[in-house]
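4 protein chains.
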Amino acid sequence: MTLAAETVQSYERTALELAERLRSDAIQRDKQGGTPKVQRDWIRESGLLKLLIPREYGGDGQPWSAVLRVVRILAEADASLAHLYGYHFLCLVAPHLAGTPEQIAHFYTVTARNNYFWGNSSNPLVKTIIGRREGDRVIVNGSKTFSSGSPDSDLLAISWNDAETGEYYEGIIPTSRPGVEVLDDWDNMGQRQTGSGTVTFRDVPVEKEEILETPYAGHTVFSTIIPIVSQSILANIFAGSAEGALEDAKRYTHDTSRPWYTSGYARADEDPSIWRQYGELWTSSIAATSLVEKAADKLDRLWERGTDLTEEERGECAVIVAAANVHAGRVALDITSRIFDVMGARATASKYGFDRFWRNVRTHTLHNPAEYKLRNIGAWVLNGTLPEPGYYS
Amino acid sequence: MTLAAETVQSYERTALELAERLRSDAIQRDKQGGTPKVQRDWIRESGLLKLLIPREYGGDGQPWSAVLRVVRILAEADASLAHLYGYHFLCLVAPHLAGTPEQIAHFYTVTARNNYFWGNSSNPLVKTIIGRREGDRVIVNGSKTFSSGSPDSDLLAISWNDAETGEYYEGIIPTSRPGVEVLDDWDNMGQRQTGSGTVTFRDVPVEKEEILETPYAGHTVFSTIIPIVSQSILANIFAGSAEGALEDAKRYTHDTSRPWYTSGYARADEDPSIWRQYGELWTSSIAATSLVEKAADKLDRLWERGTDLTEEERGECAVIVAAANVHAGRVALDITSRIFDVMGARATASKYGFDRFWRNVRTHTLHNPAEYKLRNIGAWVLNGTLPEPGYYS
Amino acid sequence: MTLAAETVQSYERTALELAERLRSDAIQRDKQGGTPKVQRDWIRESGLLKLLIPREYGGDGQPWSAVLRVVRILAEADASLAHLYGYHFLCLVAPHLAGTPEQIAHFYTVTARNNYFWGNSSNPLVKTIIGRREGDRVIVNGSKTFSSGSPDSDLLAISWNDAETGEYYEGIIPTSRPGVEVLDDWDNMGQRQTGSGTVTFRDVPVEKEEILETPYAGHTVFSTIIPIVSQSILANIFAGSAEGALEDAKRYTHDTSRPWYTSGYARADEDPSIWRQYGELWTSSIAATSLVEKAADKLDRLWERGTDLTEEERGECAVIVAAANVHAGRVALDITSRIFDVMGARATASKYGFDRFWRNVRTHTLHNPAEYKLRNIGAWVLNGTLPEPGYYS
Amino acid sequence: MTLAAETVQSYERTALELAERLRSDAIQRDKQGGTPKVQRDWIRESGLLKLLIPREYGGDGQPWSAVLRVVRILAEADASLAHLYGYHFLCLVAPHLAGTPEQIAHFYTVTARNNYFWGNSSNPLVKTIIGRREGDRVIVNGSKTFSSGSPDSDLLAISWNDAETGEYYEGIIPTSRPGVEVLDDWDNMGQRQTGSGTVTFRDVPVEKEEILETPYAGHTVFSTIIPIVSQSILANIFAGSAEGALEDAKRYTHDTSRPWYTSGYARADEDPSIWRQYGELWTSSIAATSLVEKAADKLDRLWERGTDLTEEERGECAVIVAAANVHAGRVALDITSRIFDVMGARATASKYGFDRFWRNVRTHTLHNPAEYKLRNIGAWVLNGTLPEPGYYS
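Residue numbers (the working numbering), protein chains in the order written: chain A, 1 to 393; chain B, 1001 to 1393; chain C, 2001 to 2393; chain D, 3001 to 3393.
These are calculated hints, taken from the structure and not from any lab test.
Quantities reported herein were computed from a predicted structural model and do not represent experimental measurements.
Careful, some of the hints might be misleading.
[Claimed, not checked] Straight-line C-alpha distance at most 20 Å; calculated SDA-like pairs for lysine to any residue:
id	chain 1	residue 1	chain 2	residue 2
1	B	Lys-1127	A	Ser-263
2	A	Lys-31	A	Gly-353
3	B	Lys-1127	A	Ala-345
4	C	Lys-2127	C	His-2367
5	D	Lys-3127	C	Tyr-2265
6	B	Lys-1037	B	Glu-1020
7	D	Lys-3127	C	Arg-2258
8	B	Lys-1127	A	Pro-259
9	D	Lys-3351	C	Asp-2187
10	C	Lys-2351	C	Arg-2251
11	C	Lys-2351	D	Asp-3184
12	C	Lys-2351	C	Asp-2255
13	C	Lys-2127	C	Thr-2200
14	C	Lys-2127	C	Glu-2167
15	C	Lys-2294	C	Ser-2065
16	A	Lys-31	B	Lys-1351
17	D	Lys-3294	A	Glu-293
18	A	Lys-351	B	Asp-1187
19	B	Lys-1294	C	Lys-2294
20	B	Lys-1127	B	Gly-1390
21	A	Lys-31	B	Asp-1187
22	B	Lys-1037	B	Asn-1115
23	D	Lys-3031	C	Asp-2185
Chain A extracted, bound-state conformation:
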């Protein structure tokens, strides 16, 4: 067994153990919502927060596909925690894409050393945070919704528009900085423990070394790949949610479901029509997973290219990631609804919480519309047009 393979086994094993612990009270936590402080600490302690950080900065030096694999494993048990874990990296690489060498070194190092958990409060689409220059620093004011992972985060990726020029900036600050208030007001039908609520900023200073260059200014193609990363994370949450739903359903059918009274079988798991339906669900799930893995491979290739990345390489990766995202999302919606057919009426009892899989996927697949991703894919297929780098493409 080679060392590389052992490392792989190691993080997967850690993730599987973590998933098992998350599973133990995922149903209750889905009902209660709020911030899963204990579970976030389990992730911190697991060491998995530095999986992607290059070895030179104290991390594990694993590729994106490793992160995405962990996201998928966690999502099988708890899509909220998988979301928090995936978005941690989405924020964490902001300096890598748009920072100075010093910023890259600094943020990677402190994160690896302290197992910092990053939260997200940046969003280029809405201009609700304004930054005012004050010498080298900037004072930001305003508020931001959909701030996934902000509650209980150590570092917060934020963004603002300059009061004078209107230009868009990103920065990284400690979540504990005075003036930052994390409202923890997310109360939606799914992804209930992602803390995707509001953060308000009142005269919050952002120091020079915390301000990144703008990722969307596009000095390099590489600086524009955030949407590809975020769509990849979501694709894996969807695929993992589907796998988890199927796994839970299977256990229920096996252990609890009653055979249909005219089926002629003594147990539900002996009924060939139940087999067929599981065959359908698994086939659908494994196809989605295969595509998601292929897209993860492409992302690894893209990440390795760094600032040498060309527009064409970026575009082709964006297309396959968009396809994986749309496909996995649809498959997950379908599977999380159809599992009930193979469990039966009693599986709808609140105590089982089986509907959380569908609610999670339904909520998260609305992150951005399939329609526009499909158009990007089709324009490339038909005319060879590369998706324009944007907030979601």
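Given chain A, work out where chains B, C and D should sit, using these hints.
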């Protein structure tokens, strides 16, 4: 305009007004579950509980299609109340199918006079209630789950197996009779105010005149049609839920949704890709409704035939009702999930409660498996075999 | 039995007999394409070409739903002949919509008297025929593709654009008029005997009384309903094709299919998984038929309104007809492909010609894109916008 | 670039060139059916018939995934030739699975040396060929349908049941042996040049060294994997057909389709709703391809295991291959039908032959029912039951 048509308009108008009132707090009531006492009283006061009762007994003398139309209208606003309303009639006609002329007259008359609301605690599948003969009367003991509509009911349809012979019996008793305890313990992910929980019976006497002849003994074909009625009610709850979800979604898209930032439109409801999706949803909904209406028509024909009903007439009606049930259920599952695509991410906020449509349909479509209904349909299509009268066919 | 009902039975019986005769060599005729002269004469002789013509002009005075019912019956056996039959009426009513009272009387009367078969060579979309005024008459030159039903037609609906003004006109001429050449060059993968090829016009005179007022000029709302009629005809061809495919498949499964060797059954038609699949197919078919019938009902109402028709009435009918057309088309595509699953590999032998159902439906559903019909439906659902009267809406 | 990688590029390049040549008259050859003698010779000359043969016997020593990649490339242009190519290997490895070391060496060597093309006339399901022992040899008589690739083959894989014991045997003979008659009577709606017709045997001797040990006797697990190989070949024909259909459609939409007249675009390939549809089709296709590739990888692992293969390893590979087969088949059916939506009505002209993709896939997906493959998958998912080695599992 003929009188018949006026009557039609009248009950539809009443139902629409009732639906409007139910809609006002349906979201909160879905969250809280339990028994919708106030809303059940609105239904009592509306007079709609006697819609099907023949005029000679003080009712409105309307056909089943009228009842099903009301079920559909109520389901647009509140699938739980639609369920309670529909099941009221399912129980109410038990004497019509399996009772003596005196029982028919008695139960229709007292119901029409007092606006009695019937609840269901009978189920031929499970043998958890035992009746012991004591002269003319029977003393029943045991408990029954899935007793939809039992809380706050006036009369309760019950069933038991005879302690000695094992034979199956049905009866009707006041819910308030000593020894009857309605636990109101239904806590499932959907149809949350249907009170489909447990009823326990401790030495409950059932008097001679409350005991029906067994519907499944099949002295007449007509006495075996209960599953056709119940599958019809469900089909209309599904179709109505789909229509209601679509209606609510449309209002949200119109009033609240934001256009996608690359769409080029100032409003979401101007985006042709949103139009296309509404076109898909409505097309799907109207097809389901058309089939449900055609099946309701067949049910009217079957009901008119009374004890002259032949096996073949019964079988053909059973087949189309099964098809309507399966089809409407699937369409409703699909629509209640896809409405989110045309509303967007913010529509997942708990305050809107839009997921209740899917949860309701998903719960109720598990009443009995599509697999076995489809087999019945297919055996008839392929070989002309009539579905064997049973508990669900 | 009332007289009305007898009439109904009479034309349905005639259509069923005709369908049976068409079925006898439909497979061979599909392979050979060309003009089904003999079969067109059977239709002439059947008297069904005057079904819609008002009694006062010698017709049967039946509503559109009767015509559409016949279209569906014929399509079960032969979608090409159903197409020719349906389009006959589409052309035949042109005077009713856009002609003078004299033209209406004349064309209805001669058609009823002689069992004339109308063909179509008009199309407002392409401007390939030019008419030059010459006193009261017009001399037309040019050519037209997609001229369904032109070969072996007695009267031909044509259209042209005026050489000077560019205005669009329609007229009716005998197909035998010198200068008219029907090329009979249709060779497509489906609807192979519809003669939907090219007609050329060389100095063909159209007399004053043969020239209609322009239907799309819209002096009345009623004059703009041709697309609603044509979409209705197509919807019924689709629904009928689905029913026919299912009927043929069923016979094959019953008589010829072998059971799968691991099924445990001695006959394919005893396998419950085959039943389930027939259940699926029939459910889907009956839903499509129900919607198509509902739409036909609406068309009858619209037709009765005549020149009193309002824009709103027209729009709502257009919407439901569009929905029926899209839905029936999709269902037919699905069923005509899935029938093979329940027949097995040997059913692909060329001699059976079972693929003709799919080829017919696939060809005809491309008449105009579902995308744009769905947008029209959705804009009405969402915003109440009526479809703009056009060539396909 | 490593040598291995160069070899990869080399065979893919050869296959792509071959596909290009096949494409040039694939439409006409589909119409005419029969034996593609010229094209089979191109394959012989390409050297690709020895791709899988170990280097020690003069072959290229490539894994199954290479063969399947070539199958997919050829299927993009011509599913019949892809079928013939894939089945060549299915027959060719019979000695590898069930022969003596001498037989393995002999048949690999003569095939590599002479570019022999193998045909198939064996089938364990039907017992229509009887072998009579005559000393060391066997004399076979009878006939076999579905003998894909028998016309113009050099060697023929055959099978028979022993006249006395009824036991099943397989053997390999030159197709030219006296008494063998290849009828070339395949005339089905798809896969029209696969020569899947009848072969008759009249007193045909099979020599001792041509007789294999029985593959299904199961002395080793490895000897039972033929169904896994055949299902893999089909999966790749399906995936390739889908890709080819999409590629051809795209070229047509780009070069020939007209924009819809109300779309507002000057070209069809500028219409975002056309983009969306291509996005859907490509997403579906790439998911299928991903799964098919993952399954091919598993097949490579299984093949490497040789006689060490365990039942569990076999079973898990059988499951994923079955899933890939079912999934790719359905996706291919869907794509080959939906391409017309993005090409428009004129694309149905016979000269384009676009319907051949659907006809091919529809024919070949009936090879064995999805139902039973899905049950095998589901029983494994639900209960861990391995598919019983059989003719199709």
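Evaluated hints:
no., hint, result
1, B:Lys-1127 with A:Ser-263, "holds (19 Å)"
2, A:Lys-31 with A:Gly-353, "holds (8 Å)"
3, B:Lys-1127 with A:Ala-345, "holds (18 Å)"
4, C:Lys-2127 with C:His-2367, "holds (18 Å)"
5, D:Lys-3127 with C:Tyr-2265, "holds (19 Å)"
6, B:Lys-1037 with B:Glu-1020, "holds (17 Å)"
7, D:Lys-3127 with C:Arg-2258, "holds (15 Å)"
8, B:Lys-1127 with A:Pro-259, "holds (16 Å)"
9, D:Lys-3351 with C:Asp-2187, "holds (8 Å)"
10, C:Lys-2351 with C:Arg-2251, "holds (15 Å)"
11, C:Lys-2351 with D:Asp-3184, "holds (16 Å)"
12, C:Lys-2351 with C:Asp-2255, "holds (16 Å)"
13, C:Lys-2127 with C:Thr-2200, "holds (13 Å)"
14, C:Lys-2127 with C:Glu-2167, "holds (10 Å)"
15, C:Lys-2294 with C:Ser-2065, "holds (10 Å)"
16, A:Lys-31 with B:Lys-1351, "holds (15 Å)"
17, D:Lys-3294 with A:Glu-293, "holds (10 Å)"
18, A:Lys-351 with B:Asp-1187, "holds (8 Å)"
19, B:Lys-1294 with C:Lys-2294, "holds (10 Å)"
20, B:Lys-1127 with B:Gly-1390, "holds (16 Å)"
21, A:Lys-31 with B:Asp-1187, "holds (13 Å)"
22, B:Lys-1037 with B:Asn-1115, "holds (14 Å)"
23, D:Lys-3031 with C:Asp-2185, "holds (18 Å)"
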